[in-house]
Amino acid sequence: MATTRPPRARAFARRRLYGYAFVAPVFLFLCAIIVFPLGHAFWTSLQRVRGLRSTFVGFDNYARVLADDAFWHSLSISFAFTGVAVALHMVLGLALALLLDELRSARAALRIAFLTPWMVAPAVGATIWLWLLEPQFGVVNYLLRAAGMIDAPLAWLGEPGPAFASVVAVDVWRGVPFVMLLMLAGLQTVPPEQYEAAAMDGASAWQRFRFVTLPNLRYLLIVATTLDVINTIRHYDIIGVMTAGGPAQATEVLPVLLYNTAFRGNRFGEAAAIGVLLLLIVLALSTFYMRVTRVGSEDGAR
Amino acid sequence: MNRIHPSRTLPIVLAIGLSAPVFAQQPIVLQWQTANLTESQYEPIWKKTIAEFEAANPGIKVEPVLVARKDHWTKFVAAAQARKAPCIVTVDLTTAAYNGYLLPLDRYFNAEPAAFRNAWSRDMLASAKWKGELYGLPIWGGTYGEIYNRDLVVKAGLDPAKPPKTIDEYVAWGRKLTGDDHWALAVLGGKTDTTTRVLLTWIWANGGEAFNKDMTEATFAKNPKSLAAIKLYLGFAAKNGIAAPSPTTTNYLEQTNLFAQGKIATMRNAYWSVAKVVGDNPALKGRMFATPIPANVPNAPTLASVAASSISASCQYPDAAWKFIKFDADKKWAVQRAVVANWMPLRNDVADDPAIQADPMLTEFVKMGAHARSYPLPHPAWADIGANDVVDAVQKALLTPERTDAIFRELDAKLDKKLNDL
Numbered sequence: 001m002a003t004t005r006p007p008r009a010r011a012f013a014r015r016r017l018y019g020y021a022f023v024a025p026v027f028l029f030l031c032a033i034i035v036f037p038l039g040h041a042f043w044t045s046l047q048r049v050r051g052l053r054s055t056f057v058g059f060d061n062y063a064r065v066l067a068d069d070a071f072w073h074s075l076s077i078s079f080a081f082t083g084v085a086v087a088l089h090m091v092l093g094l095a096l097a098l099l100l101d102e103l104r105s106a107r108a109a110l111r112i113a114f115l116t117p118w119m120v121a122p123a124v125g126a127t128i129w130l131w132l133l134e135p136q137f138g139v140v141n142y143l144l145r146a147a148g149m150i151d152a153p154l155a156w157l158g159e160p161g162p163a164f165a166s167v168v169a170v171d172v173w174r175g176v177p178f179v180m181l182l183m184l185a186g187l188q189t190v191p192p193e194q195y196e197a198a199a200m201d202g203a204s205a206w207q208r209f210r211f212v213t214l215p216n217l218r219y220l221l222i223v224a225t226t227l228d229v230i231n232t233i234r235h236y237d238i239i240g241v242m243t244a245g246g247p248a249q250a251t252e253v254l255p256v257l258l259y260n261t262a263f264r265g266n267r268f269g270e271a272a273a274i275g276v277l278l279l280l281i282v283l284a285l286s287t288f289y290m291r292v293t294r295v296g297s298e299d300g301a302r
Numbered sequence: 001m002n003r004i005h006p007s008r009t010l011p012i013v014l015a016i017g018l019s020a021p022v023f024a025q026q027p028i029v030l031q032w033q034t035a036n037l038t039e040s041q042y043e044p045i046w047k048k049t050i051a052e053f054e055a056a057n058p059g060i061k062v063e064p065v066l067v068a069r070k071d072h073w074t075k076f077v078a079a080a081q082a083r084k085a086p087c088i089v090t091v092d093l094t095t096a097a098y099n100g101y102l103l104p105l106d107r108y109f110n111a112e113p114a115a116f117r118n119a120w121s122r123d124m125l126a127s128a129k130w131k132g133e134l135y136g137l138p139i140w141g142g143t144y145g146e147i148y149n150r151d152l153v154v155k156a157g158l159d160p161a162k163p164p165k166t167i168d169e170y171v172a173w174g175r176k177l178t179g180d181d182h183w184a185l186a187v188l189g190g191k192t193d194t195t196t197r198v199l200l201t202w203i204w205a206n207g208g209e210a211f212n213k214d215m216t217e218a219t220f221a222k223n224p225k226s227l228a229a230i231k232l233y234l235g236f237a238a239k240n241g242i243a244a245p246s247p248t249t250t251n252y253l254e255q256t257n258l259f260a261q262g263k264i265a266t267m268r269n270a271y272w273s274v275a276k277v278v279g280d281n282p283a284l285k286g287r288m289f290a291t292p293i294p295a296n297v298p299n300a301p302t303l304a305s306v307a308a309s310s311i312s313a314s315c316q317y318p319d320a321a322w323k324f325i326k327f328d329a330d331k332k333w334a335v336q337r338a339v340v341a342n343w344m345p346l347r348n349d350v351a352d353d354p355a356i357q358a359d360p361m362l363t364e365f366v367k368m369g370a371h372a373r374s375y376p377l378p379h380p381a382w383a384d385i386g387a388n389d390v391v392d393a394v395q396k397a398l399l400t401p402e403r404t405d406a407i408f409r410e411l412d413a414k415l416d417k418k419l420n421d422l
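Protein chains in written order, with my numbering: chain A, 1 to 302; chain B, 1 to 422.
Rather than coming from a laboratory, the hints here were simulated on the basis of the structure. If you're wondering where the values come from, they're calculated on a predicted model, not measured in any experiment. Treat each hint with caution, since some may be false.
[What the hints assert, rightly or not] Away from chain A, derived, C-beta distances all over 10 Å, residues of chain B:
| # | residue |
| --- | --- |
| 1 | 51 |
| 2 | 73 |
| 3 | 236 |
| 4 | 245 |
[Claimed, not checked] For each label pair, taking beta carbons as the anchor points, the in silico distance ranges come out as:
| # | chain 1 | residue 1 | chain 2 | residue 2 | range |
| --- | --- | --- | --- | --- | --- |
| 5 | B | 83 | A | 68 | 28 to 34 Å |
| 6 | B | 403 | A | 27 | 53 to 59 Å |
| 7 | B | 111 | A | 236 | 57 to 63 Å |
| 8 | A | 112 | B | 420 | 39 to 45 Å |
Beta carbons: idealized from backbone N, C-alpha and C, even for Gly.
Excised from the complex, chain A in its bound form:
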């Protein structure tokens, strides 16, 4: 016996269908730009690719990558680069935000000025720095020599230590403004009464920062740090342009290793395996970020 659904249930089912229909284009679009490339990358990581030919090799590429010292070296460079760069982004970003927050005049102009490096495309900024740091004709060496700080040109990108410091410095130059902007927004949400109460209790400037500002910014700092770590660990542009991972692999972070393996080494299967491993690292960080933001929003709700 056929059963007929009540009109309300039919209307509900129809509405649900409409919902699916409205969501479908976005879902298909996301599949096309995220799910399919990810699936294809994973499939490629299971192949031994030689140009246009490929053979299924299972997890052989992962075994090769994990057995290769270059991967572990690159991973350590990635962590070092991310750790130093993010720490500097946070410290300098917060310092600049505090400075701007204190200013009563020229704040808007300075905010735009400090944001400029962030507006420049990373590859363009890196190319400019490449020439500024050029040993023979670069402005940096010229100024240092003119100031009597060095007597011979320094090879900023030619030796491991200075090359690492240079790419970190350029990344900091570019990354600080974003953190500064976040922190500035956070500072403006700190209730002024808390500062007034602290001042009345005789708190010094440091104590006000330590016991009022920092606790109020704690959640924002964690979110900004996590987001910045996720961004920095998969960063390619600056290092790709400035050193291509050299000298002697001293700045070869994972994305640069991936690029070099795929396009210079012509080993797309191994490169895809590196990409998947990098994705796992980013996913772990993203999970941490989501957990933190969930706890933060629950705290906010309470």
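Using the hints, position chain B against chain A.
Frame of chain A; chain B shown alone:
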């Protein structure tokens, strides 16, 4: 029955009617990508070549793809992987052919008259073959020689008429050419295969070999003469040496900059670098001279890069692409490329051309070409080996010279594996 008003159908009919002839006249568009299209000295010639070709072939348009030299290979690989590579390309032929990125050209080449086919020597054509099939037509090359700044040589009290012939003599000159803020040469250690090219010339000049004959074994450290040459050459970059500082960031571009600015007195380079130097510093025009690479063995080979035009496997119009390659390979353009842009001609019938004979430096380079080995070396993994593995070893040795032996032993071991892992 619903009737459609003529005012609605008329625009559609008109649009189809007007666009039909446009579609019918769509020309074939051939994309053309070589590493040197972005170099200013070549620009007037390739523009003229395209203009004349298009005038002679109204149904075909040639679209140059301008890519910086260092991104040339990676852009090609990315496009080839997507089956969207430009139709006409000049790339590392063996690697590209092995990977299936190129179309064999024997069908086209063999259909040409004998006069055309005989314009290239058997050896020259062999350098464009992989597994017996022709994958490119050699168009231009670059023989490496030693190029000196005449004024700096004279200023150092040296006689340009008696240039160094042996490595020892070269080192003695180098010491005299080095001063407080200028040096004899630049050691190349930047992350491109130019580093490898120059290193190979030093190895060969000392009677060494970097690989065995069939390229199944690397001998950078295994061959004592190779290792001695490597240590001598990289040693120039040591403190108080005769080479400019910062070798690990020095490439073709930095070397020619240093030479054009008078910071280095000599550079090991191909003839095309002369045009680049004059472009950077016109005062140096006519103030340079070239000699064969100083060597410790008689008739030591130098390196000659061979740039061959190929058709990518994904090209939809291979017949039209061959037409353009043939046009571009004509003697007329070979002479112009040599005289104006300083790309060395690779045809047999060009060396005696009066325009080439009138240029003494070009004639000198043509002579040097008689003892040249073609480059890239014929191995499918060469693009990786030449631009990555050897360069990394050079950089490591420059940064930790005391480990040079070990670094090149490690390189040999790594390459032995890679050469046999196809």
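Verification of the hints:
The claim that residue 51 of chain B is not at the interface with chain A holds, since no C-beta of that chain comes within 10 Å of its own (minimum 32 Å). With a cut of 10 Å on Cβ distances, residue 73 of chain B falls inside the contact zone with chain A, its closest approach being about 7 Å. Listed as outside the interface, residue 236 of chain B is consistent with that label: its C-beta sits roughly 15 Å from the nearest C-beta of chain A, beyond the 10 Å cut-off. With 10 Å as the threshold on Cβ separation, the claim that residue 245 of chain B sits away from chain A is violated: the shortest Cβ distance comes to roughly 6 Å.
Between residue 83 of chain B and residue 68 of chain A the CB atoms are about 30 Å apart, so this pair conforms to the stated range of 28 to 34 Å. In this structure the hint that residue 403 of chain B and residue 27 of chain A lie 53 to 59 Å apart at CB holds, the actual value being about 56 Å. The hint said 57 to 63 Å for the Cβ distance between residue 111 of chain B and residue 236 of chain A, and at roughly 46 Å that hint is violated. Roughly 59 Å separates the CB atoms of residue 112 of chain A and residue 420 of chain B, a value that falls outside the hinted 39 to 45 Å.
Consistency note: the structure conflicts with the earlier hints numbered 2, 4, 7 and 8.
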